[in-house]
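Here's the letter readout for the chains.
There are 2 protein chains.
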Amino acid sequence: MRKSFLYLENKYSRLNKRTIYAVLVTLSLWPSTNIFAQTKNNEPQSVYGFLSTHTQDILYREQQFDKNIDRNQIDKWLKQLTSAPNHLGSSHDLENAQFIAKCLKGWGFDVKIERFKALVSYPIEQKLELVEPNKQSIDLSEPPIPSDPTTSITQGTIPGTEAYSPDGDVTAPLVYVNQGVEADYENLARLNISVKNKIVIVRSTGSGRMFKPLLAEKYGAVGTIIYSDPIEDGYTKGDVYPTGAWRPARGVQRGTLIVKDALDPALGNALIHNKHPENLNGPVLALSYASAKPLLAALTGPIGPRNWQGGLPITYHVGGTDGTKVHIRTRSDWSWRTLYNVIGTMTGTEHPDQYVIRGVHHDAWVFGAWDPLANTSAMLAEAQAIGALHRKGWSPKRTIEFASWDGEELSLLGSRWHVEQNPDAVANQTVFYLNGDTTSRGYLSVGGSPAMSTLLNQVSSSIIDPETGVTLSKRLAAKQAYDAAQRQPLLATLESNTLLPPLQSGSDFSSFVHKLGVMSMHTRFGYDRDGDEESVPIYHSAYDTYAHYQRFGDPGMAYLQTLADLDGHLLLRVADADILPWHYTELATAMDSYVTSLEQENSHQTQAARQRTRLLALDAYRLEADPSRHLGNPTELLPGIENLDTSPLRKAIAQFRSVAAEYDILYSQLETVHAGERLDQVNHHLAVLEQHFIQRDGKKSRTLLYANSGSPFPEIQKAIHASDKNASILAVQDAATAVMAASDELKSANDALKAFTTK
Amino acid sequence: MRKSFLYLENKYSRLNKRTIYAVLVTLSLWPSTNIFAQTKNNEPQSVYGFLSTHTQDILYREQQFDKNIDRNQIDKWLKQLTSAPNHLGSSHDLENAQFIAKCLKGWGFDVKIERFKALVSYPIEQKLELVEPNKQSIDLSEPPIPSDPTTSITQGTIPGTEAYSPDGDVTAPLVYVNQGVEADYENLARLNISVKNKIVIVRSTGSGRMFKPLLAEKYGAVGTIIYSDPIEDGYTKGDVYPTGAWRPARGVQRGTLIVKDALDPALGNALIHNKHPENLNGPVLALSYASAKPLLAALTGPIGPRNWQGGLPITYHVGGTDGTKVHIRTRSDWSWRTLYNVIGTMTGTEHPDQYVIRGVHHDAWVFGAWDPLANTSAMLAEAQAIGALHRKGWSPKRTIEFASWDGEELSLLGSRWHVEQNPDAVANQTVFYLNGDTTSRGYLSVGGSPAMSTLLNQVSSSIIDPETGVTLSKRLAAKQAYDAAQRQPLLATLESNTLLPPLQSGSDFSSFVHKLGVMSMHTRFGYDRDGDEESVPIYHSAYDTYAHYQRFGDPGMAYLQTLADLDGHLLLRVADADILPWHYTELATAMDSYVTSLEQENSHQTQAARQRTRLLALDAYRLEADPSRHLGNPTELLPGIENLDTSPLRKAIAQFRSVAAEYDILYSQLETVHAGERLDQVNHHLAVLEQHFIQRDGKKSRTLLYANSGSPFPEIQKAIHASDKNASILAVQDAATAVMAASDELKSANDALKAFTTK
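Protein chains in written order, with this note's numbering: chain A, 1 to 759; chain B, 1001 to 1759.
Just so you know, these hints were derived from the structure itself, not from any lab.
Keep in mind that the hints are not guaranteed to be accurate.
Facing chain B, according to a computed beta carbon distance under 8 Å, are these residues of chain A, among others [what the hints assert, rightly or not]:
1) P230
2) T236
3) L312
4) P313
5) I314
6) R475
7) Y482
8) E624
9) H721
10) K725
All figures in this text were calculated on a predicted structure; none of them were measured in a lab.
C-beta atoms are modelled at their ideal positions from N, C-alpha and C, and glycine is treated no differently.
Required output: the full structure, derived from the provided sequences and hints.
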């Protein structure tokens, strides 16, 4: 029988301590047959992944780690890192890279700066004018705010822009297409309005901004304007900067369009010549709501569906006639620029070829306090604290690497380059990639494989939330209960789902998790306002400054300190684990719930299609409408898949679950006498298990478990959306095969584990 | 066996004809055992309430009636009636009354003008200024709109006002309380902000405007400002006048506060002396959104819940500090003014003491095209058409009365006075009260007893909707299916509920239905935008003009003509019915559904209370919130009634249903050979049946079936809301007793009916 330990939350001191290290009580009487048993206060009895003889070590090490985190130092770093423009290619971005490298070196890391080139396009000229009904030049600048001195630095900054916008000079009628997503074009078709040879103006929300011009051009548009509506992040949400945190009237959200491969010299040179990306021809502009207002106010013609009305004090018309014309002129400097990834390595003593990587990018659109330098500052604190542990004689069992990526804002260039240098090595050697990006104060928000849920739950239930004085996990559970009540006011149960949600896209984890299947996690704090999970009130504008972050992002840097604690504990636990803390029973549970969701999605689609048919038969769309506002009838919907058969996948998941259950039993029987022995074989199988869900072929890869969007079993979902029964049969089969392969991998881990167990 | 007739919709001519009179086909083969059987096209086989020998007569009469409706004439009347200000006491309101009287007289009606006095308060002085943070006088005027000449008539109009506002002169801090309903004050308490000795500013929606200052003063406010937010009926909804129909920035919504009895000389004189109503002390102002904007923009302090944010381009703060103060000064002329109800009577040949009354008010806040003179014009057309039938030799069996009420806007003064003169006589003699008020184009919208559903469905399925070319009932069914799909996208059934919804309050039917239990109906057309069922875009403002109505209310007056057709058919059918067309099986069905709803409401309340308790136990309200925006915890909810026992009421309804079913059988067996005989006894019982749901005691009355708000079984609902089990037992008992009395009344009708049936 193993000895068990118990965390005891000290209820009387919790307001004074960020992190709880309670007395460790040896509880030989405690039943330990179920390693996941929690006390009724939800406190772990043991540290998952650690033999009981090592439990005290890791908890002590975390405590020492926390003592080395200094929020005043974080504050100083943030101030320094954000003191000048930090876009890829700027002198200060390079200075920051050099500073980070110097820090890491000083703290005992082996440091390497990866230098490489990428094709980048920054604007030289951007001009917008209203031509009809009257000539009016539109000011695109972001004026300084006197109370925030950083905003007066305008020299050398990238103006509000969509990077990689084609060079162009077009004058055309303007059409408002809401968010510019497929559903909006369907409604536009119902209004019998075309965007062909017109310029569209769309809101910044609802889809990745790169998809907006692509879709607009698919429908024939010759130019695209993407603007920030105040209903999304302006005065409708709260006071604007500098009174409050939200986007001021002239604040522009920058962004990047899709360039198939800015890292490919051959392709890149063609782009330099063409002055536009592969799939895009018309110029694209980013606009503030102050700049968008005269354009939108000049539109006439019909009014779209109700949700097309935004927060400006005007009635939003669709336009599309010669009565409202705009002129756009854009020219950019397309050239190869040098990027700098900083990699600091501390080699593991037991498993030098197993990497635990923590990454944050260092480039920013302008000054980048929220995005990403607050998190970079937290990462520096983590590296410094680990360096301090190292100086006192400790070394990690596995290699710990800190990665400060460049060029994330130009579509994850730094991390992509790094991974693409040697994908096989990265896949084989990286046991954990922990990513960070925007972060502020509020709730803990984490994404990753559900198999990491036990690790995350244990770590987050031992760290105190600065604003409320309860543990991070307790606050999160309360928020989830609150949200559940909001969604469904009379929900019988408010119990929270403690399984991690899968990672989506948009930050540097993407190359690791979606291309390689590396076990990855993304952590942050934030108030997820209105379901916008990465809400940064002055997102990608020149107002994302140190002064703004200090007032609104994280006053006193209490959350950056907490984030450093959390990330540090995660790194230490994975780096020093006797056995990797991945808990695949939770993946089995999650996979079953994904299948249930897909079945529901299919059945909803069938019902929605039937309902659409019935309403069309009743002529209800016409009869319901004010004729002067009738959108025209919508089309029939695809009916989903009749008798969708998920049973092969269900069967494979059941098999996976039973192997995972056997693993849990074997894990609980791990003999501490074997503590000194290496569990290399077991760990290898645990590490690569989810790679069976990726099919790689050179640079191409196909994900079977999670799409870039985070959607589970994406091939099955695609088949449902296309109502393609045959495709669904193949997709279910492919997914089942992958699950079986993962199951076999876990079975091999079990076989290897048996050598270390009592029976 | 009775002969049956069948309406046949002529599908080929329906676009050319407003009203369908198809060939009447004698269908002796048609099974007629179920009188409510419909063909598969939902067309009635017979005219409910008419013996088969009279069916052809009534259909012919309706056809003749329609020929006499002239929309050009309606247009001329509307133009004339709205050519000058029409508030109670204005010279043009009196001229209109005299004109209506003259018309009715000319068309063969006996005309009486009821002259009486009521206490009315109109403003002499209204002053509003922002005092802190800077002095600014607020312009309260509604400027003329050049393209609408009527709006330049400003002399003699009632300015934007809340009539019966107390005289006052106060300067105090301003607090924004959203809609100023109870839930808003609960949220204000959670923000720890009091309105005591402050002036509140609230939106015009969410409750009757008279309740806003009452509630504000209950919480200690010393003044109330009610303003129209653009999110409700301004640019957020659509283009504002004169570009579009919606409220322009300076448009004010007038209204009336509660005066317990402006018709009581003793009480009224006290008010004249006090210069304020019984329950109100502080001044009350009505404001446009242009006038409200500087006040709201000056507020600081916390931000309320998300739904407190309106459509102005500012962040809405709650205020309540000395930093934002306003000064209000109001003085009014409190005096007795003369009102003029015009009553035109055409005496019935068979039942002169049975009255079928059609009423619309003629007073307006300013010019009053939408509210109410469009409907008054339709009513004139109906009276003229009935006069024309009369000139050609026809007279109604029952007495038809047209009533043009005065003083509706000052809280239904004219109709109240009329009813209160002799309530018993009105209750005993009025078999049908058909009310009208605001109306425009769009869907048919009707309220009344569910027992009138068969009548309404038959009439509305024989009249064509001008905009779509299908029958009124078909358009309505399509809209209901569409709405059901919107509410619950995957609802299995989209079948519409064809039972009439009960009448609420706010127009002249109130004294008839809620005080006396007279069978009443309210008809109108309109686009019920955003659930606002009486949506008039420039409601109660000086912009409610003929020009506005002609462009946006009902271009070409096609719907006023349709409304006249509909109302005329309803009047003719009830006036000439052999047997009153009330169908109490439908009331039984409705009552059962009301009980089910109340049971659900109770169970929802129980669940909501449990959920609230659970969230409070989790400390979820605090932990979920950004501490800087935490509202404070809400209080526990009342838990509803444990084991709510509705069985006595269910039993009584079952009894009522079986008597109603017997009535249906007896009705189907009515012998046409008795056509000449009078069904007086039967009709008497049918007419007074719903009066058993009213308990009258002098001027006081208690409604057991429908509250003023339209809520069914209001005493039971009240008990549920109060979670008072004993009260619920009594309320269920009272309701059951009333249902049993109604059941006995219907049984008496059945007994009387047996004399006329085959068996």
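Verification of the hints:
no., hint, in the structure
1, P230, "holds, 7 Å"
2, T236, "holds, 6 Å"
3, L312, "holds, 7 Å"
4, P313, "holds, 4 Å"
5, I314, "holds, 6 Å"
6, R475, "holds, 5 Å"
7, Y482, "holds, 4 Å"
8, E624, "holds, 4 Å"
9, H721, "violated, 17 Å"
10, K725, "violated, 21 Å"
In summary, the numbered hints that this structure violates are 9, 10.
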